[in-house]
Every structure is written in structure tokens, then in C-alpha cells.
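Visitor: Listed here are the chains, written in short residue letters.
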Amino acid sequence: KQEVTQIPAALSVPEGENLVLNCSFTDSAIYNLQWFRQDPGKGLTSLLLIQSSQREQTSGRLNASLDKSSGRSTLYIAASQPGDSATYLCAVPGGAQKLVFGQGTRLTINP
Amino acid sequence: DVKVTQSSRYLVKRTGEKVFLECVQDMDHENMFWYRQDPGLGLRLIYFSYDVKMKEKGDIPEGYSVSREKKERFSLILESASTNQTSMYLCASSFWGRGGRTDTQYFGPGTRLTVL
Chain A
24 KQEVTQIPAA LSVPEGENLV LNCSFTDSAI YNLQWFRQDP GKGLTSLLLI
74 QSSQREQTSG RLNASLDKSS GRSTLYIAAS QPGDSATYLC AVPGGAQKLV
124 FGQGTRLTIN P
Chain B
3 DVKVTQSSRY LVKRTGEKVF LECVQDMDHE NMFWYRQDPG LGLRLIYFSY
53 DVKMKEKGDI PEGYSVSREK KERFSLILES ASTNQTSMYL CASSFWGRGG
103 RTDTQYFGPG TRLTVL
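Residue numbers (the working numbering), protein chains in the order written: chain A, 24 to 134; chain B, 3 to 118.
Quick caveat, the hints were computed from the structure, so don't treat them as lab data. Check the hints yourself; a few may be wrong.
As the list claims (entries may be wrong) - Think about it this way: if two alpha-carbon atoms lie no more than 20 Å apart in a straight line, the pair counts; the simulated EDC-like pairs of lysine to aspartate or glutamate are:
(1) 5/B to 62/A
(2) 91/A to 32/B
(3) 65/A to 64/B
(4) 91/A to 40/B
(5) 72/B to 30/B
(6) 121/A to 81/B
(7) 65/A to 71/B
(8) 91/A to 38/A
(9) 121/A to 53/B
(10) 65/A to 32/B
(11) 57/B to 30/B
(12) 91/A to 105/B
(13) 121/A to 58/B
(14) 65/A to 24/B
(15) 55/B to 40/B
(16) 15/B to 61/B
(17) 57/B to 74/B
(18) 55/B to 19/B
(19) 5/B to 40/B
(20) 59/B to 71/B
(21) 24/A to 61/B
(22) 91/A to 74/B
(23) 5/B to 32/B
(24) 15/B to 53/B
(25) 121/A to 61/B
(26) 73/B to 40/B
(27) 121/A to 40/B
(28) 5/B to 28/B
(29) 20/B to 105/B
(30) 73/B to 19/B
(31) 20/B to 64/B
(32) 24/A to 58/B
Unchecked claim - These stretches of chain B come out as covered by chain A in the derived footprint (C-beta under 8 Å, 3 or more residues):
(33) 70 to 81
(34) 94 to 101
From the three backbone atoms N, C-alpha and C, an ideal C-beta is built for every residue, glycine too.
Start from the sequences and build out the full structure, keeping to the hints where you can.
Guide: Listed below in C-alpha cells is the structure:
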């Protein structure tokens with residue numbers, strides 16, 4: 024059964040720093056991985072979907088990488104801003120159109 | 003833009019009441035999902051549906067039922083609400099992925115349900 028882990032559960036950094044969020048998964052036979060953002064009390068917003076054939080995917084200041092063989096993905100945020108404060112979740116396919124989510128990393132950017 | 007809407011942002015109900023949570027999507031997605039989200043437990047799948055009148059149990063279906071009479075609408079029903087069903091409920095939808103693969107899911111804003 025696929026399991027997704029995100030460590031740390033919470034991260035606090037000063038504004039302007041570059042940072043990396045981590046995601047690991049137990050079954051490397053995945054064909055894509057997604058990163059989502061969730062603001063407090065809100066739904067999830069898809070940030071990036073990275074296919075297994077890609078090693079990286081970029082959107083603005085965000086860059087996601089995927090290493091299937093090691094069962095890891097990272098989300099790199101450049102020049103962090105207070106507006107980046109949110110919970111970031113990664114998800115991988117769980118069979119039959121479903122997703123398996125990690126528990127997320129709660130990110131706080133301090134002005 | 004994909005739009006997934008949920009009928010209420012906040013809901014307060016009494017134990018034993020029948021509760022309906024409604025979700026509507028406007029992108030002609032085949033798949034629709036209901037999750038609940040609790041601190042320390044993450045997102046857990048309750049039910050999902052591939053098509054009208056079709057439903058599949060997720061990881062925690064006990065105490066819930068669903069209805070999908072129209073493609074754009076997916077309802078979650080708590081037959082007799084209990085305090086342990088106090089939670090954030092999230093609806094999502096997606097296309098049927100090419101080759102059966104899982105596609106991006108689009109989420110609604112959530113319904114915070116409190117059962118007293």
C-alpha cells in the first residue's frame with residue numbers, strides 16, 4: 024500500500040530565503056506526483072504536476088523535482104514571501120483514479 | 003478556470019440529524035470525490051464516483067452515503083450525524099485520466115461541519 028510522508032510537519036523561515044520541502048513515497052511505481060497548496064480553512068489548490076518522465080517542473084518561483092528510484096520529491100521555493108505561508112501537500116496516484124496524500128508541511132514565512 | 007463549489011462553508015448540526023453536503027463542478031469532470039480532513043490524520047477519502055449513479059467506497063465510508071444523480075453534482079449524506087463526524091469536508095473532481103491514469107484533482111473551498 025502506497026504511503027506518502029512529508030517531513031518536517033512544520034517549517035518557519037525568514038522572508039527572502041530559499042527553501043526546500045520534502046516528500047517521500049514507498050512505492051516507486053508512480054507515473055506522476057502532484058504538489059498542492061492549502062491556505063488555512065480553505066480547499067487545496069494544485070501547484071504542479073510532474074510526470075515520471077520529467078525530472079523537474081517549474082512554475083514561477085516554484086520548482087518541483089522527482090526521483091522515482093529513491094522515492095523522493097522536493098518542492099523548491101525561491102525568494103520566499105509572507106504570501107507563501109500555507110500548508111503544502113504532495114500526492115501520488117493510489118490506483119483507480121485516486122490520490123494518496125501526505126500530511127503536509129505547514130510553512131510560515133516571517134516578515 | 004475550473005470551479006468546484008460546496009453548498010456551505012460552515013454548518014452546525016445536532017447529533018442524530020440527517021445532514022446533506024452538496025458539491026457542484028462546472029468542468030464536465032467524470033470523477034468526483036469526498037474527503038474529510040482532520041488534524042493529525044490528514045486527508046481521508048470517504049467516497050468517490052466515476053460516473054452518474056456510480057459510487058465507490060473510499061477508506062472511511064462508515065456513517066456516510068453519497069448520491070450522484072447528475073454528472074456535475076455529488077452529494078454526501080450523514081444519515082445520523084454524530085460528534086465524531088465533526089470535521090472539514092472537502093469535495094474534489096477530476097477528468098478520467100488518459101489510459102486510466104489519475105489526473106489532477108480540483109478542490110472546493112471546504113465545509114466546516116460541527117456536530118453538537
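Visitor: Are the hints correct? Go through all of them and say.
Guide: Okay, the hints, checked on the actual structure:
1. Straight-line distance between C-alpha atoms of residue 5/B and residue 62/A comes to about 17 Å, which keeps the hinted pair within the 20 Å bound.
2. Between the alpha carbons of residue 91/A and residue 32/B the distance comes to roughly 29 Å, so the proposed pair goes past 20 Å and is violated.
3. Restraint check for residue 65/A and residue 64/B: the C-alpha separation of about 25 Å exceeds 20 Å, so the hint is violated.
4. A threshold of 20 Å between alpha carbons decides the hint, and for residue 91/A with residue 40/B the separation of about 29 Å lies outside it, so the pair is violated.
5. For the proposed pair residue 72/B and residue 30/B, the alpha carbon gap of about 10 Å is at most 20 Å, so the pair holds.
6. Taken as a hint, the residue 121/A and residue 81/B pair is broken in the structure, with Cα atoms around 25 Å apart against an allowance of 20 Å.
7. Taken as a hint, the residue 65/A and residue 71/B pair is broken in the structure, with Cα atoms around 27 Å apart against an allowance of 20 Å.
8. With a CA separation close to 31 Å, the supplied pair residue 91/A and residue 38/A exceeds the 20 Å bound.
9. This hinted pair checks out: residue 121/A and residue 53/B have alpha carbons roughly 14 Å apart, not beyond 20 Å.
10. In summary, the hint linking residue 65/A to residue 32/B is not supported, as the alpha carbons are separated by about 23 Å, beyond the 20 Å threshold.
11. A distance of roughly 17 Å separates the Cα atoms of residue 57/B and residue 30/B; the hinted pair therefore holds under the 20 Å criterion.
12. Among the hinted pairs, residue 91/A with residue 105/B is consistent with the structure: their alpha-carbon atoms are about 18 Å apart, no more than 20 Å.
13. Annotation: proposed proximity of residue 121/A to residue 58/B holds, straight-line Cα distance about 11 Å (limit 20 Å).
14. Among the hinted pairs, residue 65/A with residue 24/B is consistent with the structure: their alpha-carbon atoms are about 16 Å apart, no more than 20 Å.
15. Of the supplied pair hints, the one linking residue 55/B and residue 40/B is violated, its CA atoms being roughly 28 Å apart against a limit of 20 Å.
16. The suggested pairing of residue 15/B with residue 61/B is violated, with an alpha-carbon distance near 24 Å, which exceeds 20 Å.
17. With a C-alpha separation of about 14 Å, the suggested pair residue 57/B and residue 74/B falls inside the 20 Å cut-off, and the hint holds.
18. About 25 Å separates the Cα atoms of residue 55/B and residue 19/B, which puts this hinted pair outside 20 Å; it is violated.
19. For a cut-off of 20 Å, the pair hint linking residue 5/B to residue 40/B is broken: about 24 Å separates their Cα positions.
20. For the suggested pair residue 59/B and residue 71/B, the alpha carbons sit about 17 Å apart, so the restraint of at most 20 Å is met.
21. A distance of roughly 12 Å separates the Cα atoms of residue 24/A and residue 61/B; the hinted pair therefore holds under the 20 Å criterion.
22. Simply put, residue 91/A and residue 74/B have alpha-carbon atoms about 35 Å apart, too far for the 20 Å limit, and the pair is violated.
23. The straight-line distance between the Cα atoms of residue 5/B and residue 32/B is roughly 14 Å, inside the 20 Å bound, and the hint therefore holds.
24. For the hint linking residue 15/B to residue 53/B, the alpha-carbon distance of about 30 Å lies beyond 20 Å, and the restraint is violated.
25. Pair hint residue 121/A plus residue 61/B holds up; C-alpha atoms about 11 Å apart against a cutoff of 20 Å.
26. For a cut-off of 20 Å, the pair hint linking residue 73/B to residue 40/B is broken: about 28 Å separates their Cα positions.
27. The straight-line distance between the Cα atoms of residue 121/A and residue 40/B is roughly 19 Å, inside the 20 Å bound, and the hint therefore holds.
28. With a CA separation close to 6 Å, the supplied pair residue 5/B and residue 28/B stays within the 20 Å bound.
29. Of the supplied pair hints, the one linking residue 20/B and residue 105/B is violated, its CA atoms being roughly 33 Å apart against a limit of 20 Å.
30. Taking the CA atoms of residue 73/B and residue 19/B, the gap is about 27 Å. The hint is violated against a cut of 20 Å.
31. Our distance criterion of 20 Å between C-alpha atoms is met by residue 20/B and residue 64/B, whose separation comes to about 15 Å.
32. Between residue 24/A and residue 58/B the CA atoms are separated by roughly 18 Å; this keeps the pair inside 20 Å, and the hint holds.
33. Taking a C-beta to C-beta cut-off of 8 Å, the segment 70 to 81 of chain B contributes 0 residues in contact with chain A, too few for the three needed, and the coverage statement is violated.
34. With 4 residues having a Cβ less than 8 Å from any Cβ of chain A, the segment 94 to 101 of chain B passes the three-residue criterion, so the hint holds.
Comparing the model with each numbered hint stated earlier shows that hints 2, 3, 4, 6, 7, 8, 10, 15, 16, 18, 19, 22, 24, 26, 29, 30 and 33 do not hold.
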